[in-house]
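Spelled out from the first residue to the last, the chains are:
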Amino acid sequence: MNTYYAANLLIYAGIDIIACLALNLQFGVSGIVNFSFIVFQAVGAYAAAVLSLPPDTANGGFQHYVGGFQLPFPIPWIGGAIAGGLLAIPVGFVVLRKLRSDYQAIALLVLSVIANTVITNADKFLGGAAGLALVPPPFSDRIDPNTESYQYLYVGITIVAVVIAFAVVNRVVNSPYGRSLRAMREREIAAAAIGKNPVNLKMTIFIVGGVIAGLSGAILVGFIQLWAPSVWLYPETIILFAAVIVGGRGNNIGAILGALLVPVGFEEVTRLLNSNPNIANLGPPNLISALQWVIIGLLILGFLWFRPQGVRPEPRRVFEGGAD
Amino acid sequence: MNLFVAAFGFGLVSMSVIAIAAVGFTMQFGITNMINLAYGEVMISSAYLAYYLNKAGISIWIGMVAGALFGSVFSFLLNRLVYAPFMRKGTANLGMVIVSLAVSLMISNLLLPIVGFYSVSYQEDPGSLIRLGSIALTRDQIIVIAIAVVLMLGIHALLTYSRLGKAMRATAANPTLARNCGIPTQRVIDSVWLITGALCGLAGVVAALNADSFAIANGSAFLITILAAAVLGGAGQPYGAMIGAVLIGLITELSAAAWSPEYKEVVAFGILVLVMVLRPQGLLAKRGALAAAG
Amino acid sequence: MLVATDIHRHFEGMRAVDGVSLEVTPGKITGLIGPNGAGKSTFMAVLAGTLPATSGTIVFDGEDITHLPAYQRARRRLVRTFQLPSEFAQLTVLENLLVAAPSNRGDSLFGALRGKRYWRDDEHRLIDEARALLKRFGMTAKESDYAGTMSGGQKRLIEIMRALMLHPRLLLLDEPMSGVHPKIVEEIQYYLQDLRTGGLTILMVEHELHMVERLCDTVVVMAQGKVIGSGTMSSLRRQQEIVDAYLVG
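Residue numbers (this note's numbering), protein chains in the order written: chain U, 224 to 547; chain R, 25 to 318; chain G, 4 to 252.
One chain only, chain U, in its complex shape (with noise of 0.2 Å):
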C-alpha cells in the first residue's frame, strides 16, 4: 500500500475520532445537541492557521488575515485547542442558560450557518471565501512535507493527539462526574433535584469538547495545508453526528467505531466508487456527493428508529462485589 494514502488514511482517521470523541462528549454523554459543533473544529482550523502562517505579505501578499506569527509546532495545535475553548465560552453562554433543548440546538445550527457567511463576507480576516492556503505544516521547516517519512511524522504526531484526547474524555466520561454529566442528560430536572448544577455542567462540557473539536481542527489544517468557509459548512456536523449516533452514543469505542464507519469508511467507498469512471459519470454531476447526503441521512432515520443505541451501546456499569 502506498505510504501517502495509508498517511492519509490514518490522519483523517485520526482527526474524525478526536472530533467524534469531542461530539459524542457534549451530544451522547450529556445531551447537548452541538448543531454548531463544525464552527470549533473551523476555529482551531483558523487559529493554527494564523498562529502558523507568516505575515500576511508573504508569497506575494495574495491573501489577507490577521496574525501571522509563523510560531513552531506544538504553538499552533495548542492554539487550535485552546481557541476552540474560548469559543465555547460567549456561545454556551448565550446559548445553554435559558433556553429549552430543542431551541438551544436550533441556535447553534443558525450560528453555524451564519459563522459561515460572516467569515466568508470578512474579506480581510481570515481570506474570505478563498480562505487560507499555504498554511506551513508543523516541522516543514527542518523537514519537506512531501517526503515519505514525513507522512510516518504526521501519523505519530497525530496519534499523539488522538492518545491524549481519549484520555481526557475517557477519564470525564467514566468518572463520578460522567455519571452526573449522564444523569443530567436522563432527566435535567431531577439532577438538579439532587444538587446538579446543568447550566455549570453543560457550559464546563461544551468547553472542553470545544477545546478538543478545535485540536482536531488544527491537526486538519496542518495536514491539508489550507482552509476555507466551504471546508466547513453546517452539514458537516451532521456527518460527525451520524458518527456518533451509528457508532454507539454515550461511550468513546461506540464514538471511535463510528468515526471509522462513517466519516472515514463512508469517504473511502465514496472514493472508490468516484474512481471508476463508470460510475462517477452516471446522471448529473455531483450525484454521487449528493446521494451521500441523502444516505447520511437515512442512516440517522434508520439508527434512530432501529437501534438508537447505536452500534455499541453504552456499557452498563457493574460494580465489583455486588449481588448477582
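No lab work stands behind these hints, which were simulated from the structure alone.
Ideal Cβ placement from N, Cα and C applies to all residues, glycine included.
Some hints could be false.
[Claimed, not checked] With the C-beta cut set under 8 Å, the calculated list includes, among others, these residues of chain G facing chain U:
{"no.": "1", "residue": "Tyr74"}
{"no.": "2", "residue": "Ser89"}
{"no.": "3", "residue": "Glu98"}
{"no.": "4", "residue": "Asn107"}
{"no.": "5", "residue": "Ala115"}
{"no.": "6", "residue": "Trp122"}
{"no.": "7", "residue": "Arg165"}
{"no.": "8", "residue": "Leu169"}
[Unchecked claim] Computed Cβ-Cβ distance ranges for the label pairs, DEER-style:
{"no.": "9", "chain 1": "R", "residue 1": "Leu298", "chain 2": "U", "residue 2": "Leu449", "range": "31 to 37 Å"}
{"no.": "10", "chain 1": "R", "residue 1": "Ala181", "chain 2": "U", "residue 2": "Phe529", "range": "42 to 48 Å"}
{"no.": "11", "chain 1": "G", "residue 1": "Glu190", "chain 2": "U", "residue 2": "Ile387", "range": "49 to 55 Å"}
{"no.": "12", "chain 1": "G", "residue 1": "Glu190", "chain 2": "R", "residue 2": "Gly114", "range": "26 to 32 Å"}
{"no.": "13", "chain 1": "R", "residue 1": "Thr184", "chain 2": "G", "residue 2": "Gly16", "range": "18 to 24 Å"}
{"no.": "14", "chain 1": "G", "residue 1": "Gly40", "chain 2": "R", "residue 2": "Thr184", "range": "27 to 33 Å"}
{"no.": "15", "chain 1": "R", "residue 1": "Asp214", "chain 2": "G", "residue 2": "Gly16", "range": "26 to 32 Å"}
{"no.": "16", "chain 1": "G", "residue 1": "Arg120", "chain 2": "R", "residue 2": "Asp214", "range": "55 to 61 Å"}
{"no.": "17", "chain 1": "U", "residue 1": "Ser453", "chain 2": "G", "residue 2": "Gly118", "range": "38 to 44 Å"}
{"no.": "18", "chain 1": "R", "residue 1": "Leu302", "chain 2": "G", "residue 2": "Gly40", "range": "33 to 39 Å"}
{"no.": "19", "chain 1": "U", "residue 1": "Gly284", "chain 2": "R", "residue 2": "Lys79", "range": "44 to 50 Å"}
{"no.": "20", "chain 1": "R", "residue 1": "Asp214", "chain 2": "G", "residue 2": "His213", "range": "43 to 49 Å"}
{"no.": "21", "chain 1": "U", "residue 1": "Pro297", "chain 2": "R", "residue 2": "Val29", "range": "55 to 61 Å"}
{"no.": "22", "chain 1": "U", "residue 1": "Val383", "chain 2": "G", "residue 2": "Glu15", "range": "54 to 60 Å"}
Once you've looked at the hints, dock chains R and G against the given chain U.
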C-alpha cells in the same frame, strides 16, 4: 433619508413574504410541537416547481397555487410518514430536531441532482413601478403584499371563527385535554400540516419571486429569517409570527440600506440572539423557547 | 426548620398557590392533603425550587432560600421526590444512588481528570453506603439493573433512596405511594416511620387518607390554593368546612 423610505417600502414586501412563511412555521410548532427544520427545503422545492411550470409558459400566479398545493401535500406526507411515527415512538423533542435536520438534508440533496447548483429566476415581468412618495414598488410586489394581507386575515378568521381553528387552539394549549374533550386530534393535526404546508409552499414561490434569483442554498437562509420572526414573536403564536415578520422584515431591509444586503440573514440572526438572551419567550408567548419549568 | 410565608404562585392567570403559609416541625412527618387541583404539588415544587414563587418567602433553618435555584436547595439538604417517576433510566439502580452523593471527589471536571486513583476511595465508600441502603430497602438484587426497567413501586423506592444519599434534613415527598402496589405501600410506610424515628423531617403530599392518618403527626389541608386547616387528622375530621372542601373539590 429617501433611501430609508425606499427601504421601508422594501420592508413592506419583505415582511409580507416572511409573514406567510413564519405563520405556517410557527403553527406547526405551536400545535404539533415540531420544529420543522425541513420547512426551508419544502419552500425551495415549491419554488422550483413553479419555476419549471413558469419555464413551460405557465403564469407565475398559477405556479404559486401549484406551489401551495405541492407544499401542502409534501408537508402532510412528511408528517405522516416521518415525524408522527417518530413522535409516537416517544422520541424526545431533541431527537425530533435531529430527525427534521436529517430530513432537510435529504430533501435538499435529492433536489440537487435534479435542479443543479446554479441560481435560476422566474420569467416574469414585475410590472411598472407604482410610486407613493419615495416608496416605489412594482405591481408584483404590491400583489405580494396583498396576498400576505389576505392570508393573514384568513388565518385570523380560521383561528377565531371556525371550528377547526378553535380545535387547533385547544390542541395547541393542551393536547391531552383536547383529546379528552372529544376533539379529533389526529384530524386536527393533519389539517394543520395541510394548511401550514400550503402556506410553506406559497411562501416559497413568493420568496423566490421577490428575490432576483434563487438556488437550493437559499433554503437555509430562508429558514433563519423565519426562525427569527417566529421566535421573536413568541414560538407557536401565529399573531406573534406576524408581528415578528413585520419587525424582522423592516429591520433587515433598513439595515440592508444602511450597511450591506449580504448581511440580511446576519441581522436576523443577531435579532434572534438578542431575543434569546433578553426575552426567550418572545413578545407574545407565555413560554415559547424557555426551558420547561417543574 | 422550614417556614414558608404567604407563598403565591400565579402562572398564566391561574392562582395555583394563593397565599400559603406553613411551618414544618423538625423530626415529624407533616402531611399535605387536599382535593385534586388544590395546588399541593405546585406548592411542593415552589418549596423545592423547581418553580419560582411569584411572591412570599421561604426560610430554611434560618436562611432565606426563596430565590435559590433547586440544585442549591438540594445541596443544603432540602430534597424532593417527584410525583411522576423521575429515575435516571439509563443508569443502573446503584448508579442512581451513587450519582446523588454530594461528597465525591471525582464529581468535578478536575477531579475526573486526575484519574481513578484520586476518587477511588470516595467511590468505594459511597458504594458501601448505597449498598447498605439497597439492602435496607430490599433491592440488593436489582443493583445492576437499569432503573428504567423497574416497576413503579421500585422506581419510587429508588427515588427515596436517592434522596437519602444526600443525607437530607428535610425530605419533600410528592405522593410517594401513588401507583404503587399495596404491598410495597406498606413497606414504604414502614421505611418512612423508620426514618422519622431516626430524626428525619418529612413533608408529604398524599391522597390516601388512611395512610396519612397512620403516618403523619400533623396534617395541613389545602384547597383552591389556600390552606383551609391544619392539625391532627381527628381534629380536622371534626371541622365541617374541611369535610365540605373534600366533597366539593
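Status of each hint after checking the structure:
1. Tyr74: Holds, because the Cβ-Cβ distance from Tyr74(G) to chain U comes to roughly 4 Å (cut-off 8 Å).
2. Ser89: Result: holds, 4 Å to nearest chain U Cβ.
3. Glu98: Status holds, d = 6 Å.
4. Asn107: Holds: closest Cβ of chain U sits about 4 Å from Asn107(G), inside 8 Å.
5. Ala115: Status holds, d = 4 Å.
6. Trp122: Where the cut-off is 8 Å and the nearest Cβ of chain U is about 6 Å from Trp122(G), the hint holds.
7. Arg165: Result: holds, 6 Å to nearest chain U Cβ.
8. Leu169: holds (6 Å)
9. Leu298(R) x Leu449(U): 31 to 37 Å: holds (35 Å)
10. Ala181(R) x Phe529(U): 42 to 48 Å: Given range 42 to 48 Å: holds, Cβ gap about 44 Å.
11. Glu190(G) x Ile387(U): 49 to 55 Å: Holds, at about 50 Å.
12. Glu190(G) x Gly114(R): 26 to 32 Å: 30 Å Cβ-Cβ, so the 26 to 32 Å window holds.
13. Thr184(R) x Gly16(G): 18 to 24 Å: Since the Cβ atoms of Thr184(R) and Gly16(G) sit about 20 Å apart, the hinted range of 18 to 24 Å holds.
14. Gly40(G) x Thr184(R): 27 to 33 Å: holds (29 Å)
15. Asp214(R) x Gly16(G): 26 to 32 Å: Since the Cβ atoms of Asp214(R) and Gly16(G) sit about 31 Å apart, the hinted range of 26 to 32 Å holds.
16. Arg120(G) x Asp214(R): 55 to 61 Å: holds (60 Å)
17. Ser453(U) x Gly118(G): 38 to 44 Å: holds (41 Å)
18. Leu302(R) x Gly40(G): 33 to 39 Å: holds (34 Å)
19. Gly284(U) x Lys79(R): 44 to 50 Å: Roughly 46 Å apart at Cβ, these two residues keep to the hinted range, so it holds.
20. Asp214(R) x His213(G): 43 to 49 Å: The hint (43 to 49 Å, Cβ to Cβ) holds, given that Asp214(R) and His213(G) are roughly 48 Å apart.
21. Pro297(U) x Val29(R): 55 to 61 Å: holds (57 Å)
22. Val383(U) x Glu15(G): 54 to 60 Å: holds (57 Å)
Of the numbered hints stated above, none is contradicted by the structure.
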